[in-house]
Amino acid sequence: MIGMPAELPLAPGLRDDAVAAPKRTVAGLRDRALSLLVLLAVWWIGARLAASPQLLPSPEQVLAVFLRLLRSGDLPFNIAITLARVAVAFGLAMVVGSVLGYLAGRSARFDAVIDPWLTVGLNLPVLVVIVLAYIWIGLNDLAAVLAVAIAKTPTVVVTIREGARAFDPQLDDLAIIYRLSRRRRLRRVALPQLAPYLAAAGRSGLSITWKIVLMVELLGRPNGVGFELNLQFQNFDVAGILAYGLSFAAIMLVVEATLLQPWERRANAWRCRA
Amino acid sequence: MPGAAVLDLRIREKRFTGARPLPVLRDVHFRAAPGEVVALLGRSGAGKSTLLRIALGLDRAFDGGVKLAHGRVGVVFQEPRLLPWLTVAENLRLVVTEGVPEPDIPALLAAVGLEDAASRRPGELSLGMARRAAVARALAVDPALLVLDEPFVSLDRRLASGLGALLTLRARRQRTLVLVAMHDVEHALAIADRILVLHGAPAGLAADFAVPARDDVAGVARVRGALLHRFAFLAAEEPGPGAAADPALASGGRA
Ligand SMILES: Nc1ncnc2c1ncn2[C@@H]1O[C@H](COP(=O)(O)OP(=O)(O)O)[C@@H](O)[C@H]1O
Ligand SMILES: [Mg+2]
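So the sequences go chain by chain: A and B. So for the first sequence, numbering that gives the first Met the number 0 puts the first residue at 0; every next one is plus one. So for the second sequence, numbering that gives the first Met the number 0 puts the first residue at 0; every next one is plus one.
Keep in mind that the hints are not guaranteed to be accurate.
Simulated restraints on C-beta separations [unchecked claim]:
(1) L28/A / S153/B: 44 to 50 Å
(2) A18/B / R31/A: 54 to 60 Å
(3) S43/B / L252/A: 53 to 59 Å
(4) G90/A / S118/B: 33 to 39 Å
(5) W43/A / E123/B: 52 to 58 Å
(6) A3/B / R178/A: 19 to 25 Å
(7) S153/B / R182/A: 34 to 40 Å
(8) R178/A / Q173/B: 46 to 52 Å
(9) E123/B / R182/A: 23 to 29 Å
These stretches of chain A come out as covered by chain B in the derived footprint (C-beta under 8 Å, 3 or more residues) [as the list claims (entries may be wrong)]:
(10) 165 to 172
(11) 185 to 192
Calculated from the structure, these hints are not laboratory results. For glycine and all other residues, C-beta sits at the position ideal for the given N, C-alpha and C.
Kindly generate the complete structure, drawing on both the sequences and the hints.
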């Protein structure tokens with residue numbers, strides 16, 4: 000590991016799967032598929048045994064509802080709205096959280112200033128943030144997105160702050176001596192060191208963000224997956240709940256697997272080269 | 000302006016804050032001019048790295064002052080400190096100021112024997128190769144002052160003498176001031192115009208010898224004798240690549 004002072008600590012959340020990911024072997028894929036089939040079978044048997052099909056509809060029934068919602072356009076419409084809210088809130092939390100986290104990691108003074116806010120932010124129940132945002136800003140999308148972003152930002156700050164604290168001081172010396180411009184310093188020295196932390200914050204951030212968005216929609220929006228879930232709940236429509244819930248979760252899983260995980264691997268790529 | 004100092008260092012005292020804030024350096028004053036090769040000798044722990052950090056402006060927490068003439072500074076730390084996510088060539092390019100014509104990077108790499116490593120990453124290099132890449136990077140800024148902290152450690156004899164020759168050549172041709180911390184007195188006699196010795200507790204500038212031209216065999220021997228007589232610890236060092244056993248190098252450095 001020449002050129003690196005020592006092994007940099009791995010960003011949180013990287014240890015288990017991203018870096019030391021077991022190879023996706025054929026056997027592994029088969030086991031996964033099998034396990035999924037078992038789940039479906041259990042569900043199917045459970046539906047058979049359930050007191051009424053309303054309580055636990057079978058997979059076919061849920062699929063039928065899913066197809067009906069798909070054709071009517073309800074499901075794509077609501078999923079698109081929810082995705083848009085997730086994207087904006089997630090982007091906002093990542094940008095603001097990264098900037099604040101970077102500053103806190105680099106400046107002890109700024110860290111001291113922001114730390115109490117972080118403590119409050121991390122310990123404030125998400126529900127309180129959502130309700131207050133609706134009361135203060137109004138029952139609109141601005142309040143919804145802001146509430147999610149505010150709820151999510153503190154954890155981004157903490158992750159990125161940890162990354163900025165782990166910066167190699169030897170590289171700072173280098174930047175001073177070679178008079179690197181601010182831009183180069185950020186792009187070539189800071190960001191590569193921060194990338195694993197950004198990826199970790201993004202990955203955990205997305206999965207938290209979309210769950211909070213559903214809650215926000217449930218509490219105060221007239222559309223979106225969260226609103227629909229609430230509607231189905233009031234109608235006691237378990238098939239509808241499952242159709243919405245499962246399809247949205249599937250989409251978020253795909254986003255994570257196709258966008259965030261590859262990025263995380265790339266962010267860590269130079270460490271594995273030795 | 001011939002004779003103008005590139006570096007004017009006056010350390011009255013340097014101590015680290017900590018549990019035992021003992022002074023490390025005291026009364027270290029010297030000036031060095033363009034084109035000089037200045038070797039800084041001293042025991043391990045004498046304060047060589049500390050002095051170099053002060054000269055580089057990285058450590059300002061000391062009593063005294065440091066004046067650096069205008070111009071860029073190149074540095075080779077004890078560890079190579081390459082950016083592991085950039086290739087060797089990108090590491091060189093990084094330090095060249097935007098807008099300034101880019102130096103001949105293949106030529107710089109060839110000068111340190113790394114012509115084939117341009118697109119490799121630091122993680123794929125041996126320590127010796129990485130050190131030489133750091134030397135090439137330091138030269139890429141066309142430095143007025145080149146500071147090297149024990150650059151010969153863990154290089155084999157051939158590479159060490161090659162690097163020594165490169166440094167003297169740089170000083171002659173580009174009038175670069177080369178300030179190099181090292182251990183081996185013979186190698187210092189082979190490459191340096193001037194030898195400074197840090198010694199004592201706290202360490203001070205215990206000696207400041209001008210090294211005569213290499214063909215003045217008697218003069219060099221006198222300096223060697225004086226150094227070894229006053230600083231017995233210098234004799235204890237391993238004979239290095241500049242040892243008299245290699246007269247070709249000793250004269251080559253000056254040619
Ligand atoms: N950051 C530091 N904090 C406290 N003491 C230090 C620090 N750096 C070096 N020292 C002490 O200063 C002395 C000189 O160290 P150094 O300059 O590294 O010596 P050299 O390079 O000649 O081997 C040593 O006793 C070392 O322990
Ligand atoms: Mg040292």
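Hints and how they fare:
1. Taken as a hint, the range 44 to 50 Å holds for the pair L28/A and S153/B, whose Cβ atoms sit roughly 47 Å apart.
2. The hint said 54 to 60 Å for the Cβ distance between A18/B and R31/A, and at roughly 56 Å that hint holds.
3. The supplied range of 53 to 59 Å is met by S43/B and L252/A, whose beta-carbon atoms lie about 56 Å from each other.
4. Here the CB-CB span from G90/A to S118/B is close to 35 Å, well matched to the stated 33 to 39 Å.
5. In this structure the supplied range 52 to 58 Å holds for W43/A paired with E123/B, their Cβ-Cβ distance being about 54 Å.
6. At roughly 22 Å, the beta carbons of A3/B and R178/A sit within the given window of 19 to 25 Å.
7. Between S153/B and R182/A the beta carbons are some 35 Å apart, a value that agrees with the proposed interval 34 to 40 Å.
8. Taken as a hint, the range 46 to 52 Å is violated for the pair R178/A and Q173/B, whose Cβ atoms sit roughly 19 Å apart.
9. Against the hinted window of 23 to 29 Å, the Cβ-Cβ separation of E123/B and R182/A comes to about 28 Å, which satisfies the hint.
10. Counting residues of the region 165 to 172 of chain A whose CB lies closer than 8 Å to any CB of chain B gives 3, which reaches the minimum of 3, so the coverage claim holds.
11. Figure legend: the region 185 to 192 of chain A, annotated as covered by chain B; annotation consistent (3 residues with Cβ-Cβ distances under 8 Å, at least 3 required).
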